[in-house]
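So the chains spell out like this:
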Amino acid sequence: MTDLIVGTLIQGLIYALISFGVYITYSILDFPDLSVDGSFPLGAAVTAVLLTRGVNPYLTLLAALAVGALAGLFTGFIHVKLHVRDLLAGIITMTALFSINLQIAGSNLTVERSVDTIFTAGPTMALLGGLSLTHRKLIVALVVVLLVKFLMDAFFATKAGLLLRAVGDNAALVTSLAKDRGNVKLQGLVLSNALVALGGALVCHETRSFSATMGTGQVVFGLASVIIGVALFHRLSFVKGTTAVIVGSILYKLCIALALSLGLPPNMMKLITAVLFLLVLVASGRKGEEIIHA
Amino acid sequence: MLEVREVTKIYNPGSVMEQCLFDKFSLSVADGQFVSIVGSNGSGKTSLLNIICGSIAVESGDVLVGGESILRKKDFQRYATMGRVYQNPSMGTCPNLTMLENLSLADNKGKSFGFGRGVNKRRIDRYRAELEGLGLGLEDKLNVKMGSLSGGQRQAVALLMATMTPLRFLILDEHTAALDPKTAEVIMLLTDKIVREKRLTAMMVTHNLRYAVEYGDRLLMMDRGQAVLDRAGAEKEQTSMEELLTFFNKISAQCGS
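So the sequences go chain by chain: A and B.
Its first residue numbered 1, the first sequence is counted upward by one per residue in this note's numbering.
Its first residue numbered 1, the second sequence is counted upward by one per residue in this note's numbering.
Isolated chain B, as found in the complex (with noise of 0.2 Å):
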């Protein structure tokens, strides 16, 4: 279990820039669930993210991971059991280092950084494989460098590096919103396989209303430091697209923008 307990984050505290987003937010996510994240900007969903990832600090409150804190843990130390995607395809991968270099990096995460060989010829073919599967014609680029490749190509790597190892938690920052319809169907499918298939407890922020309903089986919308949508299970499988829209134009009103 993934818990956020009260946690307060002020940004520029004791400023006139002052600004409380979150005061005593608390959310419980269960091992194995997929939570969709929706909310307008500045409505708390990256910083959700940072908090959990230690990208960012908090005033108060706790971070717990199985009922054990992790705030005191740094950002890299946290990244043990988590990966994350980010909007921006080059986030996710080394543009000037080759493919293959990338994937034997990931491939090698939770293991030391030794003076063994960095890319080992042995699992090239499962990569291959694996790439295979994305049906992007990525398997014949393994020595072409990261940064040549398309966006939607980075990130479906960026994913797939992200998930290689063992790993309990997976965070998904807007990770389609920059990617044309048509990539960000296939990442947002390749996504969908990767959690069902590792049973990860996955957290995605998006834009996309319509992922939001239709993948994941927890929905959350957020305002202003607040969950004022969460549902999941059955109720969230009844939540249509139409509701959804109708509640976030409500909010956003509200909101003045």
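This is chain A alone, in the form it adopts within the complex (with noise of 0.2 Å):
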């Protein structure tokens, strides 16, 4: 019982990446980014072959980082420069990042036991040594995690965090304030898929593999626990979005262990993944049309 617990609080946490970045799209810029699919593979992609390259494992999740705002550049510059429209200019990136992936990784990889990932590497090891290795993962994901929330928060409260909540709120106020809306929308975007992709960096450590069709559904997840975060917190406005966001993310993710530990073959996961998505979209009551923000 407190392994299933322990596994499903590293899964809400590792995957509470991917939230923060449809939080940022999709709550705070209005726009349904479904990039995520791609860029999160992505990011996993890049990190098993750094990994298996013997590049430094820390230095990896930099890299990740990278790639995904490149991705993220990619759909902004569809979107605001060829004048895409946002729902297609992300299915463009999805469907592209897709090859893109298999390039990058050669084929689906897996990472050999005698590399260091991040939950093994010497620094972590100096730290947290006398820890099991599912506890050191908790402890690193927990780390990365609210390092990503309070400097999210951090950004947020800055001008330019204010032009990035400003410009899903009102673009046109944007505009009154001699500022290139479009530039706002790709930053976001960048921020966001950047992210989504660190996300994949951190599944491909815990999981010491890359397959190409990882990415399937990841929007639907991220999507639902930006919902059931918001929806859960959004009388409580002391509670900062991120937070909600992680919350979220960790009782989706507790759902599907039980779905999973009550005996549903692993093939049916993203059933009930869309599945559970669809509850609770009813539940909460907003059918995905409203969103309250930050």
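Errors might be hidden in some of the hints.
As the list claims (entries may be wrong) - Sample of chain A residues facing chain B (criterion: CB under 7 Å; computed from the structure): (1) Thr158; (2) Ala172; (3) Met268; (4) Met269.
What the hints assert, rightly or not - The following residues of chain A were derived to be distant from chain B, with all beta-carbon distances above 10 Å: (5) Val6; (6) Val80; (7) Ile91; (8) Ser114; (9) Thr134; (10) Ala166; (11) Thr175; (12) Leu232; (13) Pro266.
Just so you know, these hints were derived from the structure itself, not from any lab.
In this text, a Cβ means the ideal position worked out from N, Cα and C, and glycines have one as well.
Make the complex out of the two chains shown on their own, each in a separate frame, by following the hints.
Written as structure tokens, this is what we have:
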């Protein structure tokens, strides 16, 4: 039982990075970005390749952030500069990335046990060496997620962050502030996909693998956890959106873990994901139309 | 000086819906002038504002500020020296940001939006003083989300935000049309005060003929893409509400509406 809870917590925390990304696009920018299904495995693919080539495991996280940012830049460019509709821009990136990810990784990849990940590398062991691998994973994931959360909170309080929140809320206002709304959206997409790819990197460290299909349905997961989190806390204005999203992510992973432990075959996981998402949408009474901003 | 020079604007060009709104339309507005623009629906009032602000493109002609063409400038670039208040009170503010955050954004117009603090706490007293001046009880609602305020309150804040930083032109697009008569009056008085104090060049589209007569120092009546009445200075002062209404009814009758 404890294993199930700790395992779910690890999953919930790592995948919260995807939810952060979706939170930025969907909740703040009001941009339904499907690039997520491609930028998530992109982060994993780059990480898997770098790990097998012996690159410092901590550096792979930065590399994932960078390639994710590029993916976001691509979607933003298609939407803002080529004037393609938001949904389609994301679909184009997602589709293109499927092939690009395979090009990067060659095929599905497994990272050998002998290769160190952020959960087993020297500095982590120096600090947490006394703990079991599971507990190290929990603590490292927690540290990464909280670090990202506090950075995001700090960013949203800056002038640039305020402008980002404004563009999703009322783009006309950004124009009247003599700022290019397209550029602000682009920044949001870059940030979002960087975080999603970081999530992919962490999943790769955790599972020691990359698979080409690992991105399928991740945007649904992200949306569901954002909607659960926001719906749960929308009356409590002191709870930050980022906190709500972490809780949403953990709860969602818990639901799936429970469904699996009740004997549902793993092949049914995406079906469970979809059904749960539908339930969440209906229960929160939002149908995805209205999401309260940060 | 703001100049619209021989502008031609055609809606749906090349289709059966083709409609020529402006055919070489020209207008110049002197610095510091407050122009009230009236006219029936479809007469080109809002299109004129949109052309000046760069929200819509034109087929030919030019828009000049101080003799220099701004036609090639994008809308957001033009807003560097312009402020605009829309008919819909929710257009001028961000509903999910607090009033303080909204004011802070507006206060930072013209500067860079970097990693500095979004809300400058030292400015709060100033915001509060300005809000107090409105007499709408807004000074205690700085941390309230904009969306939960009334239309009139939001419009007052939108007007403050549009004119917070130094600017030359104020564009008012039926900005009192969605408000109740009393609030509309408050907003109109505030508008006049701001335009006078900041010596702005203002263009106000309105459906309220009384406001057009009472406010501003130039009166323009638009009909089918033309200025059918253009009075400034003393001539405008002498224009009465009745005269304007008679004139307005005459052109509306010709139009068949």
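Going through the hints against the structure:
1. Thr158: Holds: closest Cβ of chain B sits about 5 Å from Thr158/A, inside 7 Å.
2. Ala172: holds, 6 Å
3. Met268: This hint is violated: Met268/A lies away from chain B, its Cβ roughly 38 Å from the closest one there, beyond 7 Å.
4. Met269: Violated. Min distance 34 Å.
5. Val6: holds, 36 Å
6. Val80: holds, 13 Å
7. Ile91: At about 27 Å from chain B, Ile91/A clears the 10 Å cut-off, so the statement holds.
8. Ser114: Since the minimum Cβ distance to chain B is about 42 Å, Ser114/A lies beyond 10 Å and the statement holds.
9. Thr134: With a cut-off of 10 Å, Thr134/A remains clear of chain B, as the shortest Cβ separation is near 37 Å.
10. Ala166: violated, 5 Å
11. Thr175: violated, 5 Å
12. Leu232: holds, 18 Å
13. Pro266: Label holds. Min Cβ-Cβ 39 Å, cutoff 10 Å.
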